[in-house]
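Which chain is which? The protein sequence lines are A and B, in order. For what it's worth, our numbering labels the leading residue of the first sequence as 1, then goes sequentially. For what it's worth, our numbering labels the leading residue of the second sequence as 1, then goes sequentially.
If you are wondering where the hints come from, they were derived from the structure by calculation, not from laboratory data. Hints are not guaranteed to be accurate.
As the list claims (entries may be wrong) - Straight-line Cα separation of at most 30 Å, DSS-like style, residue types lysine-lysine; simulated pairs:
no.: 1; chain 1: A; residue 1: 458; chain 2: B; residue 2: 24
no.: 2; chain 1: B; residue 1: 24; chain 2: A; residue 2: 285
no.: 3; chain 1: A; residue 1: 365; chain 2: A; residue 2: 458
no.: 4; chain 1: A; residue 1: 448; chain 2: B; residue 2: 24
no.: 5; chain 1: A; residue 1: 411; chain 2: B; residue 2: 92
no.: 6; chain 1: B; residue 1: 92; chain 2: A; residue 2: 365
What the hints assert, rightly or not - Computed footprint of chain A on chain B; a stretch qualifies when at least three of its residues, placed anywhere within it, have a C-beta under 8 Å from a C-beta of chain A:
no.: 7; region: 33-46
no.: 8; region: 70-79
no.: 9; region: 82-91
Claimed, not checked - Which residues of chain A face chain B? A few of them, derived with a C-beta cut under 10 Å, are:
no.: 10; residue: 41
no.: 11; residue: 70
no.: 12; residue: 72
no.: 13; residue: 103
no.: 14; residue: 105
no.: 15; residue: 229
no.: 16; residue: 248
no.: 17; residue: 297
no.: 18; residue: 300
no.: 19; residue: 301
no.: 20; residue: 371
no.: 21; residue: 372
Keep in mind the model is a prediction, meaning the values are calculated, not measured. Every residue, glycine too, gets a C-beta built ideally from N, C-alpha and C.
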Amino acid sequence: MREILINLAYLVAAVLFILGIKGMTHPRTAVRGNRLGAIGMLIAVVAALLDRNVVSYEWVIAGVVLGAGLGALMATRVQMTDMPQMVALLNGFGGIASTVVAGAALIEALITGPVVPPQFTIAVAASGLIGAVTFWGSLVAFGKLQGLVRDIRLGGAQLLNAGLLAITTALAIWLVIDPAALWAYWALVVSASLLGLSLVFPIGGADMPVVISLLNSYSGLAAAATGFVLNNNALIITGSLVGASGVILTNIMCKAMNRSLTNVLFGIWVPSEEAASSDDVYAGKVKAAHADELAMLMEGARRVVIVPGYGMAVSQAQHAVRDLVMLLEERGVEVEFAIHPVAGRMPGHMNVLLAEADIPYEQMKEMDEINPSFEQTDVAIVIGANDVVNPLARTNPSSPIAGMPILNVDKARSVIVIKRSLSPGFAGIPNPLFAADNTLMLFADAKKGALDLMNALKAG
Amino acid sequence: MELLVVSLTVFVLAIFIGFEIITKVPPTLHTPLMSGSNAISGITLVGAVISAGAQVSFLTTILGFLAVVFATINVVGGFMVTERMLAMFRRKD
């Protein structure tokens, strides 16, 4: 009877998770959705505490108190600009928890049960593998986003990955044949950890949205695998939901860069044959402007579109940008934001920053929605973005970013680009937009540039 | 073996539900979706609680304790940070 009630509680939790994610389909219902998820988790944990195997509570309570304290501290301290790091770290913790639970379950099974069935050890091995890859991969992603780790391009990285995967698989097979070989499990975890490191180390900054989405998916799959270990449907349902979510986001990110997942993961760039040097593109054509001139340009504008990029996050410019937008709106200018799916370092990164600065979400437009309107736009202001507004993606089929969907900023009547220098973006190619006839450059850090524009507009 | 088939059924159906709902989430909410779904992937906490409380051996208790700590950080940190972000999204007034 007790077992039935506990399982029903897990079912209720799973339903609440589904309803919770469903709430995320609109900003109005999202807060309630998140709370439904939290209630579901509470129900699941209470059900776990009532499990008849649970005989003592000291360690559980100690762990929950410690974990909740650390989690709450992280969640309240983190800056919105650092959200990608935070999500990467949390992904990693979920992954390692699954690996450790699977290890503990294996030890328990060896102590208590006479026979360990193969489906159990297969699930244990899967949980150990995915969890360890998630943990170490996420730590590297965290280190990169935090600026602690540089990109390391190893020669023969693919060979190394293939080797590590082969070793991990061999250890998994060993474990299935001989479940008593506990060492094989921990050796598997070590080799999967190395695999996680070598997979993420070579991946560059602008590809982080893909990596984080993928690790998000892995953390879900690790939980689902642990669900198979424990025969627990709550874990299986939840894990597969999160797994699906991560896969969808990964797919959206890859499409937004017009690259395949293998291309991102293994860094296979198509070498460009006729890469124009930046001198050819820029020489004598780039027009640097002063904030005063740009203010005059904006004074005559009726519609302005702002295109934020990672540079806005780096210089924490969202509040300065908001002030500029409010000033423009006071003067009757229509202002919208154009957000490229891979702007920033994780899916939706720019939206969160703008929301933090009190920009209403209706004002943030997706690429497909806003692209047709650039022709009717008087001024487009690009703030710290580069590759996502590079017209070469449309015009030059041999460019490394050929075919990547971009924001058609160059179609606006005038373009203002706030950027510190002419240095190339992640793709490493010059951007003809900066040398276009209708483009004026404001060489400044995003925050200072936005402030200068606002002050010039006020003064003018 | 029967149990495994039931579990697999649940797994596959849940993936379909996931695909159906999540494709409807707008790009504006992709970051909260990640942190929120991340929080619920801390459901491993259930397994961790059982390991830490079952007292089968000292080693499994310690492993369970560690897993409880990691999973709780994941759960509490994930839900709280999602709440913080979602509170910022507002309509035009």
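Checklist entry - So which hints don't hold here, by number, going up? => result 1, 2, 4, 17, 18, 19, 20 and 21
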